[in-house]
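Number of protein chains: 6
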Amino acid sequence: LNVKIFYLGTKTENLTPFVESSTVIEGEPFDNRIPHLEYEFYEHIAQHSIIEKIVEAEKEGYDAAVIGCFYDPALHVARELVDMPVIGVCEASFNIAAMISAGNFSVLIGRRKWLPKMVGNAKKYGFESRIASWRILNLTVPMMRDRKITSQAILRETNAAIVEDLAESVVIGCTGMIGGIPILDPVLCGIKVAEMRAVLWRKYNISHSKIGGYESPPLNEFKSIFEKIYSKTST
Amino acid sequence: LNVKIFYLGTKTENLTPFVESSTVIEGEPFDNRIPHLEYEFYEHIAQHSIIEKIVEAEKEGYDAAVIGCFYDPALHVARELVDMPVIGVCEASFNIAAMISAGNFSVLIGRRKWLPKMVGNAKKYGFESRIASWRILNLTVPMMRDRKITSQAILRETNAAIVEDLAESVVIGCTGMIGGIPILDPVLCGIKVAEMRAVLWRKYNISHSKIGGYESPPLNEFKSIFEKIYSKTST
Amino acid sequence: LNVKIFYLGTKTENLTPFVESSTVIEGEPFDNRIPHLEYEFYEHIAQHSIIEKIVEAEKEGYDAAVIGCFYDPALHVARELVDMPVIGVCEASFNIAAMISAGNFSVLIGRRKWLPKMVGNAKKYGFESRIASWRILNLTVPMMRDRKITSQAILRETNAAIVEDLAESVVIGCTGMIGGIPILDPVLCGIKVAEMRAVLWRKYNISHSKIGGYESPPLNEFKSIFEKIYSKTST
Amino acid sequence: LNVKIFYLGTKTENLTPFVESSTVIEGEPFDNRIPHLEYEFYEHIAQHSIIEKIVEAEKEGYDAAVIGCFYDPALHVARELVDMPVIGVCEASFNIAAMISAGNFSVLIGRRKWLPKMVGNAKKYGFESRIASWRILNLTVPMMRDRKITSQAILRETNAAIVEDLAESVVIGCTGMIGGIPILDPVLCGIKVAEMRAVLWRKYNISHSKIGGYESPPLNEFKSIFEKIYSKTST
Amino acid sequence: LNVKIFYLGTKTENLTPFVESSTVIEGEPFDNRIPHLEYEFYEHIAQHSIIEKIVEAEKEGYDAAVIGCFYDPALHVARELVDMPVIGVCEASFNIAAMISAGNFSVLIGRRKWLPKMVGNAKKYGFESRIASWRILNLTVPMMRDRKITSQAILRETNAAIVEDLAESVVIGCTGMIGGIPILDPVLCGIKVAEMRAVLWRKYNISHSKIGGYESPPLNEFKSIFEKIYSKTST
Amino acid sequence: LNVKIFYLGTKTENLTPFVESSTVIEGEPFDNRIPHLEYEFYEHIAQHSIIEKIVEAEKEGYDAAVIGCFYDPALHVARELVDMPVIGVCEASFNIAAMISAGNFSVLIGRRKWLPKMVGNAKKYGFESRIASWRILNLTVPMMRDRKITSQAILRETNAAIVEDLAESVVIGCTGMIGGIPILDPVLCGIKVAEMRAVLWRKYNISHSKIGGYESPPLNEFKSIFEKIYSKTST
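Residue numbers (my numbering), protein chains in the order written: chain F, 1 to 235; chain W, 236 to 470; chain D, 471 to 705; chain Z, 706 to 940; chain H, 941 to 1175; chain L, 1176 to 1410.
Since the hints were made in silico from the structure, they are not lab data. Careful: at least some of the hints might be erroneous.
As the list claims (entries may be wrong) - Here are the computed lysine to any residue pairs in the SDA-like style, where the Cα-Cα straight-line distance is at most 20 angstroms:
(1) LYS1378(L) - VAL729(Z)
(2) LYS53(F) - THR12(F)
(3) LYS853(Z) - ARG835(Z)
(4) LYS993(H) - TYR1170(H)
(5) LYS239(W) - GLU293(W)
(6) LYS1143(H) - LYS1163(H)
(7) LYS1150(H) - GLU164(F)
(8) LYS445(W) - PRO264(W)
(9) LYS1385(L) - LYS853(Z)
(10) LYS203(F) - ASN954(H)
(11) LYS1378(L) - ASN707(Z)
(12) LYS59(F) - LYS203(F)
(13) LYS1378(L) - LYS933(Z)
(14) LYS458(W) - LYS210(F)
(15) LYS1385(L) - GLU869(Z)
(16) LYS53(F) - LYS203(F)
(17) LYS908(Z) - LEU1314(L)
(18) LYS458(W) - PRO142(F)
(19) LYS1403(L) - LYS1163(H)
(20) LYS445(W) - SER603(D)
(21) LYS933(Z) - LYS680(D)
(22) LYS933(Z) - GLU508(D)
(23) LYS1403(L) - ARG973(H)
(24) LYS680(D) - ARG817(Z)
(25) LYS680(D) - ILE814(Z)
(26) LYS445(W) - GLU38(F)
(27) LYS933(Z) - SER603(D)
(28) LYS1163(H) - GLU960(H)
The structure displayed is predicted, hence computed values, not measured ones.
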């Protein structure tokens, strides 16, 4: 099946290496008014545009959407509003890391500020018992632009995760097996899961459940509120 | 200590019975554009105004804020932005229910739609092992305006929680002890905890930790973003 | 509401700074025959007098009782025998620490001897998933009388808890925010919760549940046994 | 090895069928001033005499002690004071039930009043994830003297545990396999474990750890307090 | 990427509807000497041939293997011996069910005999906190050949899972969304995950970790033992 | 009762010191074609002979069997096929370690390769919440034949477990109390539990449950498969 993926993220150029030749991928940034999503307030602002863009993407015929931030912002609210599969890169990475490890996996994150929210997500997803450790790189999002410092920190903490925390794989922004250790890039994981989910939806009619937590609001009510909020009444 | 509480909720009239004579309480609605907060999209919209109002409340000298919706919407983002104690009525109710029960407590909720989000919160707060059961009233927020039907549903499910699920107390919109069973009103719990937390803050300098998850964004960066988002540049 | 708190503890002088001006507090020691409660046998002896004193305190019209030892000795048996709220300082501290931390909190204790009992309590209360670490000061109760050594140990271990265990707050015998980290004194937490619980009881009729674990023995049976045990038949 | 077991319980006659021919067993009641141990206050009183009797039993050369009440009263404080193995019948039963079940086991108890304390113990022992259900017989200790009513209740609830809760074995006051279902008598379990533990102690020098929670108080301090409490100074 | 999947299962005809047009799939039965894998002894026998066949499949250039039995037999030992991704249909189904449910999912199984082993797997994979219920169809593998009886049982228990256990999706041998409820076929899930994993391996060099639990035996030692066991020395 | 124990292990000479004088013990090796059981593939081979030997042992009138490898290989399948108690040394050691520790216990293992499987077992048995730490000796099974190196590693890691991980007892191949710390030999634990279980079976008719996970295959079906697999049709 040829599928069309909608990708939201901070870096949206150069996504082609992540997709199959039968996949088309389009990328868009979150919201230009915020420098990053490190604070929950900034994340809240990003959510506002993520919601709008994913609702539009479904209308435009996309087969799946990927939210390219490790907080998985707006993941549940987006699923509430659309039938199209919506993938969070954190959730996707945890699923793959869990499947490739006999034991547990570690997660490297930039700052301890991010920890409680991500731990909350891990608990919701059910993976808390599979996480060997959370390791803090002590790098802000802007600092991570320095590739050398970032690589060194990743290497150092990956090593520590493997040796001290007995992790068998590590989730962070790299790809491939280094010395037998799989280091997982959430963007790759998210997109690979999105391709699979797109097929499950279009060919087998399986997407996220609409019984329970992802139940949509009544269409009429929703439509008028959505238009008011996103000021589309004039169109 | 005389304290001043800021209360956000759907019903904001008639809060006086919930406070001590030394407490002043002011109430405000969430956002008039949404009929209720049942869907996560509506909650997202409410969050937008909750954030703004709580930031303003701190500036106006309030001693604590209460978010009067059982989803505890915007609880963490609000705490990120202010030093003033911010109370979620769900979190407050769970703390009190846990303290008054030797065994476990049950939670009555309107619809199963609400369940996953609330279970996620219970896991984050740490109370999952104390919850005897979640019982669904099968009532939407609008249907709950019919007090008779609501009372009957609450009575029926409270009874079932006590007898079948061995709950020792129940969290829901009532107050008092009925037949020895404490039935807890989240609004009362939230306000009582807010009064205590206001004193802890003003008199003992204890509020939520700023190390970690509630770390604020850098003031300058935050200020300009906040003003842009809430269109206050002109003021 | 003006409330009257009964406080049981090793240090009972100088409790006034912990209470509101509308609160009267009376303190009493546990049992003079034991030097401290570090061993479970000593705790058992203390329990004997705690039970008696709390039953008496309720008769004398107190509005709440606080048991000022971090083992929360006799907490459940006291609640079984009275309707008046009974507060354990450990349970109260854990509730407050959980509410002020986005992530987890640490607990500093004197000796590893105390650990299993306290861990058992944390499991019962439901907070095990919120505890970042237990850190041992390696100080006995008598050694803690040396304030300088104790302060140094607290500072060292608080720091380690924050940096190594990623705790966001710490429970131990201090009060206030040091460098943004809330360090919680169980005595303050216990008394603040007691004031809140006293109001919930007297004004809203909410105390611990009498369905289940805190069910009282039949009054007649209890009365004669109580009198025999505490040799009050003559009075 | 010939071993000598000290048994504390409400029924102490007729223990011979539970022991090996190489075992001597002596039974003693808890405390004559209390009718049963159903309330924590009564249990507290029983603890007082259990502590004394187990300390004496060790001096008299017993090889192990069994506390014959499903609350496992005074188990930890007794272990703190002696080196001799001390067995709680609940803990012993849970260990055996866990070993004979591929899946989980159920526990039948008399009244819901007992539940929170026993659940607390199950959590401490680590068996919470192995318990299929707690089922309430709705029988007080005195009511259980009616053997017919008790048998019927046990049969009914055992059946329900097997069929509805998918239990593979059941812990309660019976012995043997009924229709392939092992129904475990805590007294038998406690005594069998005590015989094993007596051998482990006397022949292999293994008893409960004295590092940590079971550390004894300093001998001198303890001795004088023990004598004062149990009024033995004159002897 | 064109990929080649090796599928082991009881039904191996008619797998084409489950794969993409770019995928080749070959199926083989487990072991003809056993009628099914319901008993662990039969499973043990099947494991013997699964191990051999997967080792051969890797040599023959397959890109991934799927073990088509819900016990995930020989999953870990196969991963130990090969680099090629090996997928268990239970593990794959749980990952997908977790990703499409905001709340929890249920699992329908044939007989309670299977329960403990599957619960053990769920704990190992980390999904125990996401399982709403295990429901027993009371059908043996041979009985399941009667499609009508099986469909009725699945429908009845799916309904019960949704209504009584609040499941949001269900794992069992069907495919598609019935009334908004996704019912997942483990064979489909296994194959879809295998396609994704094949690409991750061949294109991004990511397969299961060889650090830790999936470490292979030393090649020389392994080779001679493997040949002895599978009597290949003569070839 | 005089009992007869069947012991399967790598070292089977010199088992007499582990048994009571009323016990007869016979030992047999696992399978001579494998050097050890460190890899799951080798374990799979060993399982094949363990199954056969335990089925035979029951026929020969043994009262219990002990599987002397810390993976507890074939434990569940053996229990499925026989009524005689079958003891895994890991499960037995965890039960005893749990009973002798007020807090938690540590487990020393040879290599991290073993960890995920053993953690999986600990979760199945229910003891995960009682394990203070798993410590890796970094010794293969062959390396452990050097007694001096092994002793040093055990001492070093035992010490670290006690001091750093706050373990109160340790499971590993030693026996006795060293400086008050019980260090448990799984072989001793397994045999002691086997003696107890043999008595429970022969005298009280209690063995593992045949309801659920340990249900046996239908005798006729099983018999012919067993004979075919173990090539006994000719006998």
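Cross-check of the supplied hints:
1. LYS1378(L) - VAL729(Z): The hint holds at about 17 angstroms.
2. LYS53(F) - THR12(F): holds, 15 angstroms
3. LYS853(Z) - ARG835(Z): Given pair LYS853(Z), ARG835(Z) is violated - Cα atoms ~30 angstroms apart, limit 20 angstroms.
4. LYS993(H) - TYR1170(H): Distance of about 11 angstroms is within 20 angstroms: holds.
5. LYS239(W) - GLU293(W): Satisfied, since the Cα-Cα distance of roughly 11 angstroms is no more than 20 angstroms.
6. LYS1143(H) - LYS1163(H): violated, 28 angstroms
7. LYS1150(H) - GLU164(F): holds, 17 angstroms
8. LYS445(W) - PRO264(W): Not satisfied, since the Cα-Cα distance of roughly 28 angstroms exceeds 20 angstroms.
9. LYS1385(L) - LYS853(Z): Status violated; Cα separation ~27 angstroms.
10. LYS203(F) - ASN954(H): holds, 17 angstroms
11. LYS1378(L) - ASN707(Z): holds, 18 angstroms
12. LYS59(F) - LYS203(F): holds, 18 angstroms
13. LYS1378(L) - LYS933(Z): Answer violated: LYS1378(L) to LYS933(Z) is near 46 angstroms, above 20 angstroms.
14. LYS458(W) - LYS210(F): violated, 39 angstroms
15. LYS1385(L) - GLU869(Z): Given pair LYS1385(L), GLU869(Z) holds - Cα atoms ~17 angstroms apart, limit 20 angstroms.
16. LYS53(F) - LYS203(F): Judged against 20 angstroms, a Cα distance of about 24 angstroms means the pair is violated.
17. LYS908(Z) - LEU1314(L): With Cα atoms ~30 angstroms apart, LYS908(Z) and LEU1314(L) exceed 20 angstroms; violated.
18. LYS458(W) - PRO142(F): It holds: about 19 angstroms lies between the C-alpha atoms, which stays within 20 angstroms.
19. LYS1403(L) - LYS1163(H): Violated - the C-alpha atoms of LYS1163(H) and LYS1403(L) are around 27 angstroms apart, more than 20 angstroms.
20. LYS445(W) - SER603(D): holds, 19 angstroms
21. LYS933(Z) - LYS680(D): violated, 36 angstroms
22. LYS933(Z) - GLU508(D): Given that 20 angstroms is the threshold and the Cα spacing comes to 18 angstroms, the pair holds.
23. LYS1403(L) - ARG973(H): Answer holds: LYS1403(L) to ARG973(H) is near 8 angstroms, not above 20 angstroms.
24. LYS680(D) - ARG817(Z): holds, 11 angstroms
25. LYS680(D) - ILE814(Z): This hinted pair holds, its Cα atoms lying about 19 angstroms apart.
26. LYS445(W) - GLU38(F): holds, 15 angstroms
27. LYS933(Z) - SER603(D): violated, 38 angstroms
28. LYS1163(H) - GLU960(H): Between LYS1163(H) and GLU960(H) the Cα gap is close to 35 angstroms, so the pair fails against 20 angstroms, i.e. violated.
Taken one by one, the earlier hints fail for this structure at numbers 3, 6, 8, 9, 13, 14, 16, 17, 19, 21, 27 and 28, listed in ascending order.
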